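Here are the chains, one letter per residue:
2 protein chains.
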Amino acid sequence: MDIKRSIRHKLGTVATELYLGDDLLGSALLQKLLLERKCVIVADVALKNLYAAELAAKLGAKLLTVPSGELAKRLETATHLIDQLLQMGVDKETTVIALGGGVTIDLVGFVASICLRGLPLILIPTTLLAMVDAAVGGKTAIDTAFGKNLIGTLYDPEAIVIDVSFLKTLPEKEWMNGLGEILKMGLIYDPSILALAEKNPKDQALVVRAVEGKIAIVEQDPKERGLRRILNFGHTIGHALETVSQYEIAHGEAVAIGSLAESYLSMRLGYLSKEEFDQIEKLYKRLPLQLPRLYAQEKLLDAFRYDKKNINGQVRVVLIDRIGHAMEFDGNYCLAVSQERLKETLDWLEKVYL
Amino acid sequence: MDIKRSIRHKLGTVATELYLGDDLLGSALLQKLLLERKCVIVADVALKNLYAAELAAKLGAKLLTVPSGELAKRLETATHLIDQLLQMGVDKETTVIALGGGVTIDLVGFVASICLRGLPLILIPTTLLAMVDAAVGGKTAIDTAFGKNLIGTLYDPEAIVIDVSFLKTLPEKEWMNGLGEILKMGLIYDPSILALAEKNPKDQALVVRAVEGKIAIVEQDPKERGLRRILNFGHTIGHALETVSQYEIAHGEAVAIGSLAESYLSMRLGYLSKEEFDQIEKLYKRLPLQLPRLYAQEKLLDAFRYDKKNINGQVRVVLIDRIGHAMEFDGNYCLAVSQERLKETLDWLEKVYL
Chain G
293 MDIKRSIRHK
303 LGTVATELYL
313 GDDLLGSALL
323 QKLLLERKCV
333 IVADVALKNL
343 YAAELAAKLG
353 AKLLTVPSGE
363 LAKRLETATH
373 LIDQLLQMGV
383 DKETTVIALG
393 GGVTIDLVGF
403 VASICLRGLP
413 LILIPTTLLA
423 MVDAAVGGKT
433 AIDTAFGKNL
443 IGTLYDPEAI
453 VIDVSFLKTL
463 PEKEWMNGLG
473 EILKMGLIYD
483 PSILALAEKN
493 PKDQALVVRA
503 VEGKIAIVEQ
513 DPKERGLRRI
523 LNFGHTIGHA
533 LETVSQYEIA
543 HGEAVAIGSL
553 AESYLSMRLG
563 YLSKEEFDQI
573 EKLYKRLPLQ
583 LPRLYAQEKL
593 LDAFRYDKKN
603 INGQVRVVLI
613 DRIGHAMEFD
623 GNYCLAVSQE
633 RLKETLDWLE
643 KVYL
Chain W
293 MDIKRSIRHK
303 LGTVATELYL
313 GDDLLGSALL
323 QKLLLERKCV
333 IVADVALKNL
343 YAAELAAKLG
353 AKLLTVPSGE
363 LAKRLETATH
373 LIDQLLQMGV
383 DKETTVIALG
393 GGVTIDLVGF
403 VASICLRGLP
413 LILIPTTLLA
423 MVDAAVGGKT
433 AIDTAFGKNL
443 IGTLYDPEAI
453 VIDVSFLKTL
463 PEKEWMNGLG
473 EILKMGLIYD
483 PSILALAEKN
493 PKDQALVVRA
503 VEGKIAIVEQ
513 DPKERGLRRI
523 LNFGHTIGHA
533 LETVSQYEIA
543 HGEAVAIGSL
553 AESYLSMRLG
563 YLSKEEFDQI
573 EKLYKRLPLQ
583 LPRLYAQEKL
593 LDAFRYDKKN
603 INGQVRVVLI
613 DRIGHAMEFD
623 GNYCLAVSQE
633 RLKETLDWLE
643 KVYL
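The listed protein sequences correspond, in order, to chains G and W.
Sequential numbering from 293 applies to the first sequence in the working numbering.
Sequential numbering from 293 applies to the second sequence in the working numbering.
The hints are all genuine.
Chain G stretches covered by chain W per the calculated footprint, using a threshold of three residues with CB under 8 Å from any CB of chain W:
1) 371 to 385
2) 404 to 414
3) 444 to 451
4) 602 to 609
Calculated from the structure, these hints are not laboratory results.
Bear in mind that the values here come from a model prediction, so they are computed numbers and not experimental data.
Glycine included, C-beta positions come from ideal geometry on N, C-alpha and C.
Please model the entire structure based on the sequences and the hints provided.
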């Protein structure tokens, strides 16, 4: 696989260059892109001796690290990182290279977007989830005590480098994590994804299709005024699961459970056929999913209150009417759903997984 | 005075509506604009019983307050405010109304720009300085231990309400503070400002010209890639004075001293004539300016290191070649200046004010 695609987000004035391929970090193209810049690499600390130190040495760049895990995605960590960047004397022409999984991409992207009112940014995702989700679409994010991603910016990186050779050493659990977002893309947009995943859930073509799907959606609605909302399928319940688990559950796993539950809800509300739901359920039941230890229905219902899609306190959910198609409701891409139906969906979910 | 102007920043997709006039907050127009929205007012705590509680009651809006003074412009205050907003259940359609001086405008604007990745924002500046500076141009800002405004975003408000009736109760010191930025606009862009100010420094026409000047500059370069830099005239030395004074000195006062010093530097480098500099010096010497108690030349030279205009560690300064005209250097609007010349300028400044 050796693909190079150039995309231009309509979000701002920055054109984002997307590089997608195998062994990209060793390629002459990338070396050139990166060597031309004054860079600081900010990597997940777990990657320090794995890839980060080597890359920093190759580029003659400084290296900073951030802690691993969702709990690192806090304002305190962001503040500390900004202090370190200012301390080392970054200026507005210093490119920040984020190297790591979704947490690192979200956190470092946020810091780059607010430090000196915006530093040039290059994203190098190292997990499957980050390749298909966090790295694409220009969103940065920080969690708060009230929920996930409640703080953030829309900020385009100058380049995204998706090097699938990182996947060779990806732990089994991380495949499942990425698959949650990939299958979601199958449910809302590209039905061929489900068929591919049924045959071989590690097919590299899944990465390409998920990334292409996300780009196609984001390009139509970079600021999430409408269509882009469909990317939130599975996320109303997914984010709430993450919040109540105190981020013990992985994002992709939470989205996988959320996607199954919101498919159930789509059927329960009369939009999705029983046949298609059964097909979805069959695929998801093959995955090693489980509810978090701290799961409690009332805590989940409470967590819905802080969902970013809510308007006037009403919980709104993205729904599908067939595999590969999210629904539009009068210009909106989510629908207010009653507490009763949400509760019923959780009751069903508990029967499956508790 | 009853002016309504509509401006559209090219920064993003939001069109900013500018209302400039007398007794606007009592006008039917404004009432309509604000009553149509679900609002939260975030006001400087010093205004709580002066205007804020009354406005909140009139609009049926919730009221939050932030501390007064530059020290409030910290990430800790921002974090606390975000927690309060989330706690009260804001959603992406809740408009945040910032009511106060420059500190409140910068801080609340920053919070609105990152909370839920951006809430609709309306700015109501209550000081002369905030009317001509912080409220116009789409910049938000937070200070760090390394210097002023080192964290921030570019984020357009939906409306700016400049109600000059606030100026009736403006303390004398605050006139001086606003005049610092107004006179700067005269030096870099609109020579008629200096002539007006010489006659009557409280002429309301000064507000209009300063705001119009800033809009004209920002519209040509919203993202500060070039021309907009000229707004930083007086700010290299001004910001450094603020930093070393630990924000004891007011921003406009620091900019006034900085503008005079950078006019001296412009002359010293051979760009500004002795005659025009003498005219500037004469006007500035009539103002009640003084260096901060904590002034020390070596601390100031050190503070220059964190200026946002720096590239590769070189301090860069905006210069003027005549009253009303900032200079362009080969596409750039600031020039690298040696430590020697900076030191010489500070030596001169100390002779005038110490």
